[in-house]
Structures are given as structure tokens and as C-alpha cells.
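Visitor: The residues making up each chain are set out below.
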Amino acid sequence: MTTARKLTEPVMGQVDADGLLLSADPLLMQLHLRCGGAEGGPLAVPELAELCRLSRRLGMNLSRPVQASDDDCRIEMWVETRFTSSEKQQPLSLSIIDWKEYPDDESDKMDPARERDFDRLEGRGAIRTDAALRIIVQQMPGEPAQNADAVGQSLLDIYDVIPPSAHARLLEAVAERQPIRNQRMRAKIGAQRLFILHGYPLIDKLGLFAGYRFTAMPDDPASDPEASEDDIKPVGGKLISDSLFGLQLGPALRQPLGKIIANAETISAKLEGPLRGDYASYAKDIASAGRHLLDLVNDLSDLEAIERPEFTVAGDSIDLVDLAHRAAGLLAVKAADHQIRMELPAEGEKLPASGEFRRSLQILVNLIGNAIRYSPDGSAIKLRVSAEEGFSRISVTDQGDGIAEVDQERIFEKFERLGRSGDGGSGLGLFISRRLARAMGGSLTVDSAAGEGSTFTLSLPTQKKP
Amino acid sequence: MDRTRHVDIIRHASAMADKAAFVADDFARALFPRTDVVFNDRMRSNARQYLRSAIGRVETRICQIATRDLGVTHEKLLSIGEGADGQSFAVLEHSGLLNTVEIVQHLFVKTQQSELAARLLQKISQQDLESTLTRHLDHEDSVVAEAAMGLLVAQSKTTGASGEIAASLADLPPEIVYAFVWPVTAALARLTGFPGQQLQQAAERLLAAHDESSGVARKAERLAQLLDQSGTDQDRVPHPMRDGLTLFVARLARQSGLSTDQIITFTAEPNMARLVVVMRAINIPVQDALSIFAALDGGDHILTAATYGETDRDRSLALVSRWASPNAYQNAERILSSDLLGDQGK
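Protein chains in written order, with our numbering: chain L, 62 to 527; chain Y, 1285 to 1630.
Source of the hints: derived by calculation from the structure; they are not laboratory data. None of the values given here were measured: they were computed from a predicted structure. Certain hints may be false.
Result set (SDA-like, lysine to any residue): computed pairs, CA atoms no more than 25 Å apart in a straight line [unchecked claim]: (1) L:149 with Y:1493; (2) L:149 with Y:1488; (3) L:149 with Y:1482; (4) L:345 with Y:1424; (5) L:149 with Y:1352; (6) Y:1360 with Y:1333; (7) L:149 with Y:1492; (8) L:149 with Y:1459; (9) L:149 with Y:1355; (10) L:149 with Y:1495.
Calculated from the model, a selection of chain Y residues having no Cβ within reach of chain L, i.e. all distances over 12 Å [stated by the list, open to error]: (11) 1308; (12) 1309; (13) 1382; (14) 1388; (15) 1437; (16) 1442; (17) 1476; (18) 1494; (19) 1508; (20) 1549; (21) 1614.
Glycine included, C-beta positions come from ideal geometry on N, C-alpha and C.
All chains should be modelled from the sequences, with the hints used to inform the complete structure.
Guide: Printed below as a string of C-alpha cells:
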């Protein structure tokens, strides 16, 4: 994918005989600063500076392609140098007539910590191993923190390979650096939980095999608090039957939907080759509709789970500041798409609370996602933490249209959209979030006025209830 | 015996004595070439013709600036500025000043480019070749269309008669203009006895007025870059008969990360082996590769689908990436490598 900046006018700049950037149009100045330059300092874009030096050494006007890059992207330019007068010490004019930005490949790669947060949000565990299958990081579903005991041990010392696939076939796949799919494994110690592992090989920057990254889905119904409800008798008066989404329809729908989204995104990004512009646009619509459906399936699964009277949540010790940073990290790309700035509590701060990590993260992701959806582009979203009377609070404040007082309770009702449609929401997010907050012994409230933005506050008990 | 002739013979004999030490050098180069590239008589003739033409253009322009802009009234400079045959080439020819790697490499590339153009003209008419660029004039991106128009105009200004290899000052790369200007200025000062300062000023003005952006090579490179960036071009695969030679070379260079000079040099090598590797590295489909090879080949060489298909792409990519590294690094690496003497030394 590329970002074109069609230049209606050339980007201009001036460089003196000592290579100092005397003046520059904003685009060039930004690039100069991002490359480590200072205002009035030496031109810091290496290839551009080299072109200026060559032009000055020859005393000639040059016209050449130039590349520059920073942490985010690679830029291709076409640059012309011009001497403005016959004086030898005269400033050299730079005229950039083409400017094309390509996102840096590296920036597409997801930060491993962020990837783990996604896994935890979706109830998956994650294991990272080195090239000899020794565990470097392990975070399994239902466990609040990383398992330090497993680190350094061989994956095969901790887990047994369960048929149909055999031990040897797993090792064969590892030896050939092949992705591993649907590998059933049983933990040798503790509750001997069953997992289904999916893994892909990691290749380092030198092109060498560096280990595997596995995701682990629980395969033993007893270990999954939601799945365990399967054996419990259905409760009447539900939206849909108990087993319909969580255990049957949900997984059955997620897989094909995931494939539709992935393929539509591949097509819209033109990864397989050039495509007519309108077809790429249709594919984008398909991906967007698919994501909406997937969100709806997830929401309905959650709805089904929380409406069971037996629904419980874990009382982990969590840190709301850490949670705020993780949730903001998960939505950073979406916020950047709308030029929305997120103001977060200082990273060094801590605010302990009691609640299930995954569910608390889910609530915050919902609140920040809503804030992004209903805020104007270029605005700011503020996340603040506070503690009061045995409760730890985290608030999300946006600069959107706000919610009239009469609607402030309605928005927490099931399928309530306040007349909005077509924005990707299902009308279940806030309902689920409030139910989850209450299940954790806390609350979710809103403070808003029409036209003045909204503040949603999640309160959780500071300490575990005895 | 005529006294004048007698003096001539004496002078000639003295000159021969001065140069006698280099006879072995020249003969050694002809006997023991260090590359496998064959230089035929036409290439040698073309290179001399081009060099004489380039020196002549620079010389004329300096004299024009000196006499017209700086008001110099020297008779000889006036006559050279008005188109009379220059004499700098004769002075510089044996001075060694033109025998720099930069200049000789440029001569070789221009000569080989001329060879390629002649080969293409055996397969496609001049008219068809010239019309290849017109398909970009309707490009949906106006910047691309303008760049194509710019290249067309630049080409039309510099295209000489069929088979003629003439230098155009506007098309000379700045580094080459610079390399020519100062020796020519010094030669003019010596030939005319005119004080050098004003000639130096004229030379500086020539350099400052040279505009690289108006040259064919840079216009082709910019069009290649824009076409590549636009991603809308139906013919993603460059081809000399669809793009014309200049744009084809620029597109291949752009896609492979090499320079246009390198691409042209590869076509002079036996079996165009390095060109094949470049095509394989950038994944040019087999039928296109065979067709490109046939269009550029000057002998009876044939590239087969099997040979092309069996050329390992990963190794091709690694080689091309190596060739794209800076020349100074490649030279140093070659000097430091143990197989410095190549196959002959083993």
C-alpha cells in the first residue's frame, strides 16, 4: 500500500554553502526534523544532503531521484537543485517535484506485546519459543500473569502431544520450519489442561529461524468459564437459546467470517496484483461488513454468557494504568486513521484494582472504540485514573456530540442505538460492558451533556472482596 | 628533400620516441583483455566519433559564452563559437586527460546504447519505436502524461539521423560535462594564447546553465519512477519494443535497483548473462524475458525457457542486490577477495 502526496506545487527549500537548511516548506521541514535535523541546522536527509553537496561541487543544476525514510515510511522524491545566482556562496534552491510515501514494512509488523493483548482479549493463550522449542514467554488463558516457571523449559517437556498428530510429525514440521495447525497438546503438570496449538515460525532480520509463536485455545470445556455453562440447564426467557452462540453458532460463524474478512482485505490491499479501483473499493466494503458481522457474533456470544445466572468473573489483581495503555495500544491504528490523539495516564503511575483482566480490557476497548467512533477527526480522547472510597476508577472522555440527559440511561440498554445506524455498532457494547463491570463488583457510568462530549467511568473495587 | 617535410619527420619521430614506452601497454591490452566484452571496429569508431562530437559541443559553447556574453573578441574563439572546427580534441586526444575511468565508462555506455538502438531498428521501425511513448500521453495521472510528453520532446530534440552517434550537450550527464569542461578550457587557453580567466568564467557559466532535468536520461528515469508508482500501467513488464530503448532501460533499472548504465553494460556481455539474472530477479515472466532477450541480442544467441526457468531466483536476487551496492564497495570487495585473478588465476 502506498500513500501518494500529489504535489500541486513543488516542495521548496534552500541550503547554504555549509549545508545548513536555511528555509523549507512544511513537508520538507517535517522530514528534516524526523530525520534528526534541527531548524537552521545541517540538512539531515542523507541522500538529499549528498545531492546538494554534489550539485555544489560541480556548480551544476541536478535533477535526480532521492529516497528518504524514517521510522514510519519510505519516501521517494524527485528533486531538482537550482543555483539562484552566479555567486559561489549563494544558497542552493531545492525543488521537490514528486513525493510518494510507502509505509515501512517494519511498521506493519505487530508489536509482540500488543499481539499478546489481542490474544488475551479473545481468550487465547500465547507461547513464544526459541529455535530449540524452549519457552521464552508463556501466557495461557485463564492465568492472570505470565508463567515464569515454564520459561526456559522445552515445550515438549511441559506438554504432551495428543493424537491424531504424532510427536514425530510435530518435530518434522518444526525441522522444516512449517506452520503448525490444530496441534492438540496436554499440559503435563497441574490440571493437565488440553489446548489446541497453532504456530508459525519466526524469522529474524538475518533471515534465520528464531523459533515459533504459538496461540493456544483451551480444548477442555471444564477450563473455560463460558464453555462450562454448556452442561448447565438452559435458562428461559433468553434472547436466544443458551448453547446457540457460545458453543455452536459463534465458532461456526467466526471461522468463515474470518476467512471472508481476510480475503476481502487481501483483495482490497491489491496484495495479489493490480485491480480496478472500484473492485478494490467493493472488497473494502465486504471486509467492513464482515468485521461488523464478526463484532455482532462476538457481542451476541458475550450477551449469552453474561445473561446466565451462573456467570462469574475472575478477581485478578490488575493495574488500571497498565490496562489503559494496553487498550489504547490496541486501538492506536484506528485512532491514527482519524487523527485522534489519546492522552493517557503517565506510564510510571499505578492504580491497582480487582477484576478479570480480559473482561476489564474488553470494557475499556469498547469505551475507547466508541469514543473514536463518535469523536470528530483531529480531536483528543483523555483517559484518567483516580481512586476513591475503596474503588479505583478509570474514565474515558471524548469531544464528541455528547449524550442528552434523557438518553444517558437508555444507552446502556440492549440494542439501543439512539437512532444511529451504519457506524459499525451493534447496540450491545455498553450493555455488555455495564453487566461485566457489575459482575466484577464495580460500575459503569456516564457523565455528559449534549454538545459537550461524554465521560464514561469504569469503577472497580480497589481490593479483592474477602 | 623539402625542408618543411624534413622538420615534420623530425617532429614526428620525436613524438614517436616519447610515446614508444606505451606501445607495449596498448598491445598488451589488445592481447590480454581482462573482460569478456568484445569491442568491434564499429564500437571503436562510434566511441571516437561521439567523443569528438562531445568535446566539440563543449568547446563551441565555451567560445560562444566567452565571445557573446563576456565580450571577448579573440578571432579564433569567435570562429570556434560560430561553428568552425575546434582543435581541442587534437590537443586532448593524446594528453591522457580524456582517459579517465568516468569518461571512458560513459563512452562505452553511449556506444553500447547506440549498438542496441541499431539492433532494435532491425526488428521494429523507427516510426513505431518513436510512437511507443504516445500511449502514456493519455495516462489518467496528468503528472505521468506530462512526464511522457517531456521525454518525447527531449528525445525529438536529440535524435540524430539513423546510424549517427552524436553528442548533445543537454544529454551529457553533469559529471561528464564537468569532466570535459576544464580540460577543454585549458586546451582553448593553450591553443589561443588567450588569458585563461575569462575562459574559466565562461566555463563556470556553462556549468551553471547546464540543466540535468532537460536531458533524455533523467526524463526517462522520472517517467519510469512515476509509472512504477502509479501502479496503473497495464504493461507492468518493461519491454524495449513497447517502451522504446531509453524508457525500457530506465524501467528495468528502477525495478532492479541498478543504474541505467549497469543495465546497458550487461547487454554488452557474452550471452547477456547478467541481464538474464536481472530479469529473473525482478520476476519477469518467461515469455517476456525470451522476447526481451531476442529484441536486444545482436548475435545468434538464444535464451530458452528452460534455461531461464532453471535460473534460481533467490540467487539472482542476491546477485542483483550485490551489484546494486556502491561501486567503491564492489571494487574494494573485489580487490580484497581471494579469487582476485578470477578463473584464469586458479
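Visitor: Mind verifying the non-interface call on residue 1388 of chain Y? Its CB should be farther than 12 Å from each CB in chain L.
Guide: holds, 19 Å
Visitor: Please verify that the nearest CB of chain L lies beyond 12 Å from residue 1382 of chain Y's CB.
Guide: The claim holds: residue 1382 of chain Y sits with its nearest Cβ about 18 Å from chain L, beyond 12 Å.
Visitor: What's the verdict on residue 149 of chain L and residue 1492 of chain Y, does the C-alpha distance respect the 25 Å limit or exceed it?
Guide: OK: residue 149 of chain L and residue 1492 of chain Y at ~10 Å, within 25 Å.
Visitor: Does residue 149 of chain L pair with residue 1459 of chain Y here, judged by a C-alpha cut-off of 25 Å?
Guide: holds, 18 Å
Visitor: Do the alpha carbons of residue 1360 of chain Y and residue 1333 of chain Y lie within 25 Å of each other, as the hint requires?
Guide: With a Cα-Cα distance of about 23 Å, the restraint between residue 1360 of chain Y and residue 1333 of chain Y holds, given a limit of 25 Å.
Visitor: Does residue 1495 of chain Y sit within 25 Å of residue 149 of chain L, going by the straight-line distance between their CA atoms?
Guide: At roughly 17 Å apart (the allowed maximum being 25 Å), residue 1495 of chain Y and residue 149 of chain L satisfy the hint.
Visitor: Is the Cα-Cα distance between residue 149 of chain L and residue 1482 of chain Y 25 Å or less?
Guide: OK: residue 149 of chain L and residue 1482 of chain Y at ~16 Å, within 25 Å.
Visitor: Against chain L, does residue 1437 of chain Y hold up as non-interface, every C-beta pair farther apart than 12 Å?
Guide: The claim stands: residue 1437 of chain Y keeps its Cβ more than 12 Å from every Cβ of chain L (closest is about 15 Å).
Visitor: Do the alpha carbons of residue 149 of chain L and residue 1493 of chain Y lie within 25 Å of each other, as the hint requires?
Guide: holds, 14 Å
Visitor: Given the hint that residue 149 of chain L pairs with residue 1352 of chain Y, test it: the Cα-Cα distance must not exceed 25 Å.
Guide: The given pair, whose Cα atoms are some 22 Å apart, holds under the 25 Å limit.
Visitor: Taking the minimum C-beta separation from residue 1508 of chain Y to chain L, is that value above 12 Å?
Guide: Since the minimum Cβ distance to chain L is about 9 Å, residue 1508 of chain Y lies within 12 Å and the statement is violated.
Visitor: Is residue 345 of chain L within 25 Å of residue 1424 of chain Y, Cα to Cα?
Guide: OK: residue 345 of chain L and residue 1424 of chain Y at ~23 Å, within 25 Å.
Violated hints for the displayed structure, listed by number in ascending order: 18 and 19.
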